[in-house]
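Make the full structure from the sequences, and use the hints.
Number of protein chains: 2
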Amino acid sequence: MAREAESWAAHAHRVLAASRHHTGAARRAVLELLDSQPCALSAVEIEDALRTSERPVARASIYRILDELERLRLIQKVQVGQAMTRYEPVRGGDEHHHHLVCDSCGTVIPFSDSRLESAIRDLSRRVPMRVAEHEIVLHGECRSCTD
Amino acid sequence: MAREAESWAAHAHRVLAASRHHTGAARRAVLELLDSQPCALSAVEIEDALRTSERPVARASIYRILDELERLRLIQKVQVGQAMTRYEPVRGGDEHHHHLVCDSCGTVIPFSDSRLESAIRDLSRRVPMRVAEHEIVLHGECRSCTD
DNA sequence: ACAGGAATGAGATTCAGTCTCATTACACTG
DNA sequence: CAGTGTAATGAGACTGAATCTCATTCCTGT
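The listed protein sequences correspond, in order, to chains G and H. Each residue of the first sequence is one higher than the one before, starting from 1 at the first, in my numbering. Each residue of the second sequence is one higher than the one before, starting from 1001 at the first, in my numbering.
If you're looking for bench data, these hints aren't it; they were derived computationally from the structure. Misleading hints may appear alongside valid ones.
Claimed, not checked - Across the chosen pairs, the derived CB separations fall in these ranges:
(1) Ser1036/H <-> Val127/G: 51 to 59 Å
(2) Pro1110/H <-> Ser118/G: 21 to 29 Å
(3) Glu6/G <-> Arg1091/H: 28 to 36 Å
Claimed, not checked - To give an idea of the interface, some chain G residues facing chain H are shown, with a C-beta separation under 8 Å as derived from the structure:
(4) Ile109
(5) Leu123
(6) Val127
Note that the coordinates shown come from a computational prediction; the quantities given were computed from them, not determined experimentally. Glycine included, C-beta positions come from ideal geometry on N, C-alpha and C.
Here is the structure:
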C-alpha cells in the first residue's frame, strides 16, 4: 500500500472531517491514543488513559466517538469473549489479523495466518449467508501464565 | 456415536450426578429447557422462560448451573459479538461447530468445516500460547435478509 | 467576530452478570 | 424412614460496562 507516511490518526481525522462538520479536541485525543497503542483497547482503558492525560475525555464522548469510527470502518470491534469490548485501528497497509486471548491474565496478542484466511474465504462462498466479516479468537494460557 | 436414544438432558443429568452429590430441581429445569431449544439461549432468556414455567429458577442459580455445565463441557458459550453471552448444549454426536450471525436479524446458524479446523489445529502449535479453545464467527446477512 | 449547530461533559440510568448469606432440600447413615 | 451433614437454591444487594439526557462548550463557515 502506498503512503505509509500518513499516520492512521491523520487519515482517520481526514475521513472524519470529510463526513461531518466539526472535529473537536476529544476526537483528536482518542484518535491519537488509539494510534499509539500496539493492540486493542477497551472503552474503559481509553477513558482511564485519557483521564490522566492533558486532554481528558468523558465516557459518553468516548463511546460516541468509537461508534462513529466503527461506522466509518476506521476501527474494528474485538470481542475477546469475556467482558469488555475492545477496539483497534483498521490500518490500511496492515494485514487483517485475529487474536489470542489469555484466559488467566486477559492479555490480547494479535496474529495472522494466510492458510486460515484462505480457508475462511473459501468457506464463505459455500455458506447460506453473504459473509461480510469474520472473527477468530483463540483462547488459552500465555507463556507468562503457564510458567 | 452410539446411544442417540438418550436425550442430551438425560446424559447431562448423569454426568452431573457423577461429578458431585446433589442434583436439584433447578438443574433439571435448566437442562430440560436447554435441551428443548433449537439454538443458543442467553441466561436472561433462560430466566424469563423459567419464570413463567412450573419451576422458576433464580438468576444466581442459573448462572451457577451454566458455569458448571460449561466446566463439564456439557454446554458451550456462544459469543455472537454483540451483547449477551449465549449457551447451547454440546451434543455428543455433533461435531465441533461454529456460527454464522446475521447482523440484520440476529439469527445464529451453526456450521462446521474440517479444513478450517485443521488450519486452526496447525496454527495453534506455532503460536506463543497454550491454546485450549477457539471461536469463529462469520458475520453478514442471511438469505432472508438479503432478499 | 459572530451565530448556529455540532460536539462534549457530568451524572443519572440501565442491564447483564456476580456475590452473599440465610434457607431449603438432597442423599446417605443408621 | 427419621435424622443429619452438606450441597443447592433463592432473594436481593451489588458491580461495572454501556447508554441516555440535557445543559454547556466550542468548532466552522460567513
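Which numbered hints turn out to be false for this structure?
1, 3
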